[in-house]
Amino acid sequence: MTDGPLIVQSDKTLLLEIDHERAQDCRKAIAPFAELERSPEHIHTYRLTPLGLWNARAAGYDAEQVVDTLLTYSRYAVPHALLIDVAETMARYGRLRLEKHPAHGLVLSSTDRPVLEEVLRAKKIKPMLGERVDDATVIVHPSERGNLKQALVKIGWPAEDHAGYVDGEAHAIDLVEDGWALRDYQRDAVDSFWHGGSGVVVLPCGAGKTIVGAGAMAQARATTLILVTNTVSARQWKAELLKRTTLTEDEIGEYSGAVKEIRPVTIATYQVLTTRRKGAYPHLDLLDARDWGLIVYDEVHLLPAPIFRMTADLQARRRIGLTATLVREDGRESDVFSLIGPKRYDAPWKDIEAQGWIAPADCVEVRVTLPDGERLAYATAEAEDRYRLASCTRVKTRVAQELVAQHRGQPTLVIGQYLDQLDELATALGAPVITGDTTVKERERLFEGFRTGEIELLVVSKVANFSVDLPGAEVAIQVSGSFGSRQEEAQRLGRLLRPGSGGKTARFYTVVARDTVDADFAQNRQRFLAEQGYAYRIVDAEDLPA
Amino acid sequence: MSTAPPRSLAEQLRSWPDDRLAALLRQRPDLGVPAPQDSTQLASRAAARPSVLRMLDQLDRLHLTVLEAVVVLGAGCTGAQVREVVHAAPTAVDDAVRHLLAVALLWGDEDHLRPISILGDLLGPLAAGAAHAPRRTPDRVRELLAEISPQARAMLEHVEASGLVGAVEQADRRVTPERARTPVEELLARALLTPRDHRHVTVPPDVAIVLRGGRTTRDEVTGPPPLATSERDRALVDRAAAGAAGEFTQRVELLLETWGATPPAALRSGGLGVRDLRAATALLGAPEEVTVLAIEVAAAADLLAIGATDDLDEAWLPTDAFDAWRAQDTAQRWSRLAHAWLESPRLAAAVGTKDGRGRTLNPLAEGAERSWAVDTRREVLTALAALPDGRVLAATTGAASLVTHLEWRRPRRPTGREELVAATLAEAAALGVVALGGAAVHGAALLEGADAAAAALAPLLPPPVDHVLIQADLTAVAPGPLEHELATKLATLADVESRGGATVYRFDAGSIRRAFDAGWSAEEVHTFIAEASRTPVPQPLVYLVDDVSRRFGTVRVGAATAFVRSDDEHALAELVHDPRTAALRLRRIAPTVVITDAPTDVLLATLRDVGVAPVLEASDGTVRLARRDTQRARTPRRRTSPGVAQARDAARVSAVVTAVRAGDRAVAARPTTATTSSPAAVLSQLRDAVESGRSVWIGYTDNEGGVSERVVEPRRVDGGWLTAHDARSDDTRAFALHRITAVRPL
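Residue numbers (this note's numbering), protein chains in the order written: chain A, 15 to 560; chain B, 9 to 754.
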């Protein structure tokens, strides 16, 4: 029996005791093949999944190394069945290879005849393949490169893509590191991406994902298409790129509902790409408008399904996905893996926080009790109305007022889901409100005001969830959300994690109605936070310091 | 010992000293049950086919080859002759001969060996041909071989290589060497092939031995073929096996614990249903084979048996022994399971396969017994334990070499050995008896007994831990096996999320409530958590416990038969304290509500007696006016309609008449002289009657010993049974021939 930091469970979870002296080494050793599932304060849980193991294979690890790592760090005997499973799963990767054939173009080949036969007989895969070249090789329709990879992952025979990338149109891009420099983890992220070809970088909000994107562009030195969630985010990307790289205003184009520019670096929104007119996507041509050398997907966890389909056609181009969390509420993580690429880099939030790159956060759940009248209304309400009723209780407004008063002088965001509630809050707090209806111009004006400190309190709807850079936010008060969405929780917490002035501890309040579905959903979200290593406290509204 | 060889096995046994006889009985226990009357009977049993077969099945290839050689050489051969023809080291042959003498498959002595006569039929073609074969010297055989054509030689060698027997038309034709035209005739004429029957020829032993280079076998049979091995650290094997052992034990415990609360029904056939198996598989999170093994082993270890549930249904339940077992430490628990597995005749791998009638075999159902299972397990384990330190069975070729090894150890084993060995290895690995292809130290110790195995395993297991780590996401991680009491308490308070070397527990409102239901107080929960946790208890957990405790029991439920309510609290207070209402056992649950177990009519009557004027409330709260119900009896129902009864009577009468008439005829036909026919006469008379189709009179003794006389029309006589139409019951029946005392044709 060794005294390792790792306990390997038969259900394929790995428990890492982080106070152990060898925990850091162990974390580094298992990170390439195990998915970090939760990272609360004492024991981190990793999981071995086929995707994770194939990721590792793609990154050049073999089963022997994985098994050896497990045996080296494991405290107890490693279940034999698990080791066999690891070896078998990893052996499935790379039996099939996508390659460039000098005569036939893109081909699928295999040295393992039975596997190839099995794959050729799969109903979903047959239409993507062309003529048989010989026993071990079959032609692939070039347009199906992505779809084929996706389908192969689904049937458990992931293909190794050796067909390579087109370089794209060269375009000089360099980082301008004046007064700042790529942080170590950002450099690591760029390097792992570049060596892997394509893939996803997972970093918490505020950890500088945009810079990782810029770093990747500087590596590629080619024309780049950047896909982002919305216009505001597009503008922020542009501003950031101008600040951090040699790119000039004229080289960066915006392709959105309002402006349609195509330049060497083009920033497009998901929305404009997925706009349908008469059953067609009129803006899809953008993807072929230039010979892009790199495609950047911002917030890859929000990538809409049509973009997935388009991405399938872009397999010959380098792709980088950026996200704070690979959790997709629709469970399509495997599509991200097969179409954009495997996870190339991630780091526990707490580690980055410990390095001082993101602000520490203090999460507090405030429980309010529904007044008797509302309790009765809640009890008799239809199931689908209950969440709204519980979320929008008037008591929350009062609590929000108290909290705002308590943090007067600190930039504060009040975040909610329901517009009526937001309006009511805005009135009660005397603060401007930003919703989906607010014009971009007005939004930018308010954000700018918030950034400069002119405005210290904003009431925002879920439009502010994504890609809004609010450097100064120190306090967030969440009054309602989209049910138990963990993704949303991560994004909202992310609002606070940008290091503020003087490394102040950010406060994240969630106001929750006790004994209702609101509390149940809150528990779900909180569990996610706790799993990210953010311990939280629960206080009763009555106990708040007045 | 006399120098003259004994004249029979019986005589030899009579001359043996007691200890030798005792050794024989230990080797062949079937000879002693029931105790034989004398040596003659013992000798006759020892030479009986079933007993000899039993002994042969336990012999390895060397012993069987030696035995075969003795049969081929014929009674009276010497040890030296045997050594010459057996392809093995002379000392090994001598040892084998000595063993065969000791188990009474051979008798006589070294200079004069005699096989038990039945061996000729049981040992295969070489021995079978020995009895009537020509015995020629090797030189003579070689001369004959030199005479024949190359085609004949090729044919002979082909027959020799393919099992010594070949099919030929008219195998027993007579030919002389001069007249032989075909290769077969050349061989037959020189008795290089001898006819076995009309259509088969066989290579006589003397020829076979010459063809095989002067030996009875081409291959050397001194010892078992070596196992294919590879190198593996001994400690790693032990560790991996100990891990598997701990895990298997945990699984059995979890399974039985769950089944104790929600037992799966026992099928009528005694097995376990497929659905329950699937549920168990999901519960254990193990492959189905492992689940089946856990179930089978638990039953074999007497921890699981069929019992009656509270509803008196037959179900699979943990036994009393389970409670004692659970209190033991892991090593002891495991050794009980592993030992039960080793000694169980049931093969878990047979579950799920189809039996002869195409039915799938359920877990725990009859039909998974394999007579070889125990022996195979012991052999496999012995073979693995005998590997030198640091060597284990090679990953790919190892299993095949083990099969070959077992083929040498037990050549007469029936088919399916590959599957049996593979299943045994897989089961042993799941149990943690072997790992990575090698027998663990505690696995090897299992051969010496359960206690030795437990002692060997104990130091390999992680020591139990007495604390958990509680985290803000409301999980508690036990970084090792927990002490029994702590584990039990924690299991009440939290749900297990992940098992293995460590256990992950999750607290939620449901699990905390469960603890309150079990009688814990919030204070106890707090204290327990604080004591069990090595790290500070996170605030959300403290809050959760308080939150559940706040809501626990706010609504209370009880049973009552009737209630009394009144806005006048004083009136109710009077009622409760009035001695005349004591029998009602009134209980006040709110200032204005009193309940009782007495039914409403009693309650009403008593209250009226006390002088209260109660009003009865209906279930919807409205007042029901009391009105005395007039009473009625239930209309009786006639049992059956008259028509049906008449028909029944008629049928009964006709049956009686038939019987009576038949009885009359039988009496009339009774032989005048009370002679009992001999069985042979009975049979021939019945056969005649069947042929001629006539009725006969028979005297018959039934099951209970009652004697009856019947007239029957015989239809068929076979298998000791007479099938005949019986006039008495007007039905076709079967009569046991031996019960028919007399027959007389009518």
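For the record, the hints were derived by calculation from the structure and aren't laboratory data. Watch out, some of these pointers could steer you wrong.
Claimed, not checked - Okay, derived cross-link-like pairs now, SDA-like style, lysine to any residue, Cα gap no bigger than 25 Å in a straight line:
hint, chain 1, residue 1, chain 2, residue 2
1, A, Lys-26, B, Lys-362
2, B, Lys-497, A, Ser-270
3, A, Lys-26, B, Leu-433
4, B, Lys-497, A, Glu-347
5, A, Lys-26, B, Pro-44
6, A, Lys-26, A, Arg-412
7, A, Lys-26, B, Ala-287
8, A, Lys-26, B, Pro-295
9, A, Lys-168, B, Gly-293
10, A, Lys-26, B, Gly-281
11, A, Lys-252, A, Ala-195
12, B, Lys-497, B, Leu-433
13, B, Lys-362, B, Leu-455
14, A, Lys-26, A, Gly-74
15, A, Lys-114, A, Val-81
16, A, Lys-26, A, Arg-52
17, A, Lys-26, B, Ala-495
18, A, Lys-26, B, Asp-516
19, A, Lys-292, A, Ser-270
20, A, Lys-26, B, Asp-503
21, A, Lys-168, B, Thr-543
22, A, Lys-26, B, Leu-244
23, A, Lys-26, B, Glu-505
24, A, Lys-274, A, Val-454
25, A, Lys-476, A, Gln-424
26, A, Lys-168, A, Asp-76
27, A, Lys-476, B, Gly-82
28, A, Lys-26, B, Gly-293
29, A, Lys-26, B, Ala-403
30, A, Lys-26, B, Leu-291
So, going through the hints one by one against the coordinates:
1. Lys-26/A to Lys-362/B: violated (33 Å)
2. Lys-497/B to Ser-270/A: violated (60 Å)
3. Lys-26/A to Leu-433/B: holds (23 Å)
4. Lys-497/B to Glu-347/A: Cα-Cα ~38 Å, so violated.
5. Lys-26/A to Pro-44/B: violated (61 Å)
6. Lys-26/A to Arg-412/A: Outside the cut-off at roughly 47 Å; violated.
7. Lys-26/A to Ala-287/B: The given pair, whose Cα atoms are some 20 Å apart, holds under the 25 Å limit.
8. Lys-26/A to Pro-295/B: Distance ~14 Å between Lys-26/A and Pro-295/B Cα, so the pair holds.
9. Lys-168/A to Gly-293/B: Judged against 25 Å, a Cα distance of about 23 Å means the pair holds.
10. Lys-26/A to Gly-281/B: violated (29 Å)
11. Lys-252/A to Ala-195/A: holds (19 Å)
12. Lys-497/B to Leu-433/B: Given pair Lys-497/B, Leu-433/B is violated - Cα atoms ~37 Å apart, limit 25 Å.
13. Lys-362/B to Leu-455/B: Roughly 32 Å between the alpha carbons, so the hint for Lys-362/B and Leu-455/B is violated.
14. Lys-26/A to Gly-74/A: Holds, at about 21 Å.
15. Lys-114/A to Val-81/A: Distance ~33 Å between Lys-114/A and Val-81/A Cα, so the pair is violated.
16. Lys-26/A to Arg-52/A: Roughly 14 Å separates the two Cα atoms, so the pair holds.
17. Lys-26/A to Ala-495/B: Holds, at roughly 22 Å.
18. Lys-26/A to Asp-516/B: Holds, at about 23 Å.
19. Lys-292/A to Ser-270/A: holds (19 Å)
20. Lys-26/A to Asp-503/B: Within the cut-off at roughly 18 Å; holds.
21. Lys-168/A to Thr-543/B: violated (43 Å)
22. Lys-26/A to Leu-244/B: holds (20 Å)
23. Lys-26/A to Glu-505/B: Since the Cα atoms of Lys-26/A and Glu-505/B sit roughly 12 Å apart, the hinted pair holds (cutoff 25 Å).
24. Lys-274/A to Val-454/A: holds (16 Å)
25. Lys-476/A to Gln-424/A: holds (21 Å)
26. Lys-168/A to Asp-76/A: Since the Cα atoms of Lys-168/A and Asp-76/A sit roughly 21 Å apart, the hinted pair holds (cutoff 25 Å).
27. Lys-476/A to Gly-82/B: violated (100 Å)
28. Lys-26/A to Gly-293/B: Within the cut-off at roughly 11 Å; holds.
29. Lys-26/A to Ala-403/B: holds (23 Å)
30. Lys-26/A to Leu-291/B: Since the Cα atoms of Lys-26/A and Leu-291/B sit roughly 15 Å apart, the hinted pair holds (cutoff 25 Å).
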